[in-house]
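Just need the whole structure built from these sequences, with the hints factored in.
Chains G and W, in that order, are what the protein sequence lines are. Heads up: the first sequence runs through residues 1 to 290, numbered per this note's numbering. Heads up: the second sequence runs through residues 291 to 674, numbered per this note's numbering.
Nothing false has been slipped in among the hints.
Have a look at the derived ranges for each label pair, beta carbon to beta carbon: (1) G:Val271 to W:Gln674: 21 to 27 Å; (2) W:Glu658 to G:Phe115: 44 to 50 Å; (3) G:Val271 to W:Tyr594: 48 to 54 Å; (4) G:Gly66 to W:Asn451: 43 to 49 Å; (5) W:Asn417 to G:Gly66: 29 to 35 Å; (6) W:Asn417 to G:Asn132: 45 to 51 Å; (7) W:Arg428 to G:Gly66: 52 to 58 Å; (8) W:Glu575 to G:Ile276: 54 to 60 Å; (9) W:Gln674 to G:Ile28: 36 to 42 Å; (10) G:Thr183 to W:Gln565: 56 to 62 Å; (11) G:Leu33 to W:Leu524: 29 to 35 Å; (12) W:Ser468 to G:Ile28: 54 to 60 Å; (13) W:Gln564 to G:Phe51: 49 to 55 Å.
It is worth saying that the hints were derived from the structure and are not from the lab. Note that the structure is a prediction, hence the values are computed from the model and not measured. A virtual CB, placed ideally from N, CA and C, is assigned to each residue, including glycine.
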Amino acid sequence: MDIKKRESLRSWLLITPSSLLLASLGIIPLLMLAVFSLCDTTLTLDAITSFTTAHWRNILFEPTFGALMLKSLRIAAIVTLACIVIAYPTAWGIAKVVNPKRRSSLLMLTIIPFFTSQLLLMYTIMVMLTGNGIIMSGLTFLGLAQPGDSILYSAKAVIIILIYEDFSMMILCLYSSLEKIDTSVIEASHTLGAGKMRTFLYIILPQSMPGLLSGIFLVFIPVAGSFAESTRAGGTSGMMIGALINSQYTNVFNMGYGAALSCAFLTIVLVLMWLISLTSRYVNKALGGE
Amino acid sequence: MKQHMRLLALLLALVMLTACLSACGKKAEAPAAAGAAAEPAEAASGDTQEPAKAGSRPNKLVIMNSKQYVSDFPFAAGEFGEKYNCDVEHVYGGGSMGEYLMSILSGGLGKVDVVNINPIYVQQFLNEGLLQEIDISRVKSYEDIMPMFRDHKAFRDADGNIYAVPWVWGSTSLAYNSEVIDEEITSWKQMWSGDYAGQIAYFDDYFSAIVTAALYLGEDPSNPDMAKVEAALLDMQEQAKTYWSSYDDWMKAFKSREITIGNVWTGAVTNLQQQGEPIVYVYPEEGAIGWADSWVILKDAPNYDMAVEWINYATSEYFQNCMATYSEQRNTPTNTKVLDALSDADKQALLIFPAIPDNLFLQYQTAEQETEWVAFWDRIKATQ
Numbered sequence: 001m002d003i004k005k006r007e008s009l010r011s012w013l014l015i016t017p018s019s020l021l022l023a024s025l026g027i028i029p030l031l032m033l034a035v036f037s038l039c040d041t042t043l044t045l046d047a048i049t050s051f052t053t054a055h056w057r058n059i060l061f062e063p064t065f066g067a068l069m070l071k072s073l074r075i076a077a078i079v080t081l082a083c084i085v086i087a088y089p090t091a092w093g094i095a096k097v098v099n100p101k102r103r104s105s106l107l108m109l110t111i112i113p114f115f116t117s118q119l120l121l122m123y124t125i126m127v128m129l130t131g132n133g134i135i136m137s138g139l140t141f142l143g144l145a146q147p148g149d150s151i152l153y154s155a156k157a158v159i160i161i162l163i164y165e166d167f168s169m170m171i172l173c174l175y176s177s178l179e180k181i182d183t184s185v186i187e188a189s190h191t192l193g194a195g196k197m198r199t200f201l202y203i204i205l206p207q208s209m210p211g212l213l214s215g216i217f218l219v220f221i222p223v224a225g226s227f228a229e230s231t232r233a234g235g236t237s238g239m240m241i242g243a244l245i246n247s248q249y250t251n252v253f254n255m256g257y258g259a260a261l262s263c264a265f266l267t268i269v270l271v272l273m274w275l276i277s278l279t280s281r282y283v284n285k286a287l288g289g290e
Numbered sequence: 291m292k293q294h295m296r297l298l299a300l301l302l303a304l305v306m307l308t309a310c311l312s313a314c315g316k317k318a319e320a321p322a323a324a325g326a327a328a329e330p331a332e333a334a335s336g337d338t339q340e341p342a343k344a345g346s347r348p349n350k351l352v353i354m355n356s357k358q359y360v361s362d363f364p365f366a367a368g369e370f371g372e373k374y375n376c377d378v379e380h381v382y383g384g385g386s387m388g389e390y391l392m393s394i395l396s397g398g399l400g401k402v403d404v405v406n407i408n409p410i411y412v413q414q415f416l417n418e419g420l421l422q423e424i425d426i427s428r429v430k431s432y433e434d435i436m437p438m439f440r441d442h443k444a445f446r447d448a449d450g451n452i453y454a455v456p457w458v459w460g461s462t463s464l465a466y467n468s469e470v471i472d473e474e475i476t477s478w479k480q481m482w483s484g485d486y487a488g489q490i491a492y493f494d495d496y497f498s499a500i501v502t503a504a505l506y507l508g509e510d511p512s513n514p515d516m517a518k519v520e521a522a523l524l525d526m527q528e529q530a531k532t533y534w535s536s537y538d539d540w541m542k543a544f545k546s547r548e549i550t551i552g553n554v555w556t557g558a559v560t561n562l563q564q565q566g567e568p569i570v571y572v573y574p575e576e577g578a579i580g581w582a583d584s585w586v587i588l589k590d591a592p593n594y595d596m597a598v599e600w601i602n603y604a605t606s607e608y609f610q611n612c613m614a615t616y617s618e619q620r621n622t623p624t625n626t627k628v629l630d631a632l633s634d635a636d637k638q639a640l641l642i643f644p645a646i647p648d649n650l651f652l653q654y655q656t657a658e659q660e661t662e663w664v665a666f667w668d669r670i671k672a673t674q
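Listed below in structure tokens is the structure:
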């Protein structure tokens with residue numbers, strides 16, 4: 001066997017375990033979801049005997065899915081934008097401003113929330129948002145709210161909780177890109193007369209685009225599919241698309257409709273992410289990046 | 291590169307530290323877990339908890355129930371094990387019936403014997419072919435069970451065969467903060483009046499939401515005019531502060547004074563009263579929802595005889611009296627002999643003093659109606 005064939009065989013052997021893992025935990029479940037979405041059964045003990053398009057017709061012609069999907073995408077967009085605004089200066093500060101010796105400690109502080117239960121994080125913020133909680137008491141003290149005012153059980157509360165849960169993910173993604181930017185390029189930009197905004201737009205933004213895109217994907221998708229936060233803290237208008245999917249599996253065992261809803265949600269989000277990716281590439285090129 | 295290595299090392303160290311801490315935590319919990327129950331997270335995944343003398347007795351019984359819901363109390367599984375020379379094992383089914391169902395389907399059949407479920411799910415389990423008929427001749431106290439539950443079709447198949455035995459009952463009715471609300475609340479109309487807008491918690495459950503609105507409107511709860519119900523629910527959506535879906539949701543909102551009134555389960559009220567909260571529970575004149583959690587025997591149960599003995603024991607006067615008077619957590623018995631013998635103080639603690647209301651509407655519906663009502667309630671909640 002010549003060297004080329006041997007190397008090719010070795011490559012195949014190396015990628016086989018991860019490919020099998022990806023197929024069994026990723027691709028096959030997704031295919032099953034697509035098949036189940038067309039099944040006319042509750043998918044418990046029954047064998048699949050007949051197929052139906054009723055679940056997809058429900059999605060297309062009932063207003064519930066469209067309304068909740070739009071609402072979920074709107075909340076996800078707000079949360080993602082807020083995370084970007086908060087995370088950019090923070091990640092820049094950690095990557096370029098603070099003493100390199102302290103970077104590790106600051107990054108550790110950033111990832112500490114990942115070591116806590118998400119439910120616990122959510123309840124902590126909910127306690128802070130009650131009428132007599134620390135946030136509302138502080139706002140009352142500053143004269144920005146009336147005593148007893150509360151923003152718990154509102155869309156604002158849901159957005160605050162989701163930002164709190166997700167902004168550290170954005171910081172990590174942006175940090176990984178910002179840290180690689182050569183400081184001398186930024187200095188050259190300033191030397192050649194570019195202001196801070198111009199340097200950001202033409203040097204920092206294009207070079208941090210991979211991290212920014214990763215951050216957008218890692219924040220937008222989970223937020224759009226979240227349901228615990230909006231159900232617990234969103235009040236009577238808190239329902240998001242994730243709650244609709246969840247109710248099909250936990251309350252009524254309508255697995256077929258749940259699968260169809262999941263497929264529709266995944267498709268819409270993937271198309272949206274693909275569009276964002278295309279747009280970012282276009283913007284990057286327009287700004288002189290690769 | 292060096293920076294990346296440092297970051298990677300830091301992450302790995304944190305992961306290892308967390309793994310060590312969680313391992314230590316589990317070791318520390320182990321002795322306590324021998325006599326108590328497993329953590330809910332473990333329970334939800336279908337983990338089981340062996341009793342202290344597991345495997346040492348000739349008989350065996352596997353019970354699926356919620357954690358700390360009577361069957362794992364000392365007078366329950368413990369005494370049953372002694373009496374019937376039986377190893378009793380608990381499988382905790384998780385927070386929702388969906389999780390119960392998943393646990394049953396992913397290895398529970400052929401392993402679990404008896405399950406405690408809400409009446410609204412009995413028909414669903416029956417339709418899925420998950421249950422087997424109960425030999426009711428061996429359940430000695432069956433005739434003593436409250437007729438409104440015992441004779442209800444919710445617990446039987448279309449031919450009248452018995453598949454579930456009502457065990458603990460309760461209601462979903464109206465509760466309010468007596469320190470904030472001065473007037474006496476006697477009707478659902480007062481909750482809908484607009485006087486308590488922004489202070490109401492309404493149950494996020496399609497059945498309770500629709501039936502409560504129907505009771506308020508004076509409609510037949512089993513077949514209400516859905517257009518009227520829709521208007522009432524949209525009105526409530528405007529007025530309510532939040533929807534709730536668990537004990538915890540309701541109690542947290544009440545204790546933080548975010549809400550002062552709403553429909554709620556008896557269990558949450560007794561819990562809050564024990565904590566000294568100023569909460570009053572009433573049965574409105576239009577009626578309220580009644581439910582009776584019941585024992586069913588799963589298809590392929592490996593210990594059918596012990597499962598029937600368990601149901602016989604759990605509905606016996608002795609067990610039901612223990613359950614009603616257990617100071618740590620009281621539950622309302624379905625056995626009429628026990629109910630009649632309870633003191634006034636016990637009845638007050640169980641929120642059935644001076645008498646059990648005669649206009650409770652029992653949770654029950656057909657599969658077709660369920661699909662329709664779930665979609666209806668989702669549509670209401672999606673309306674902004």
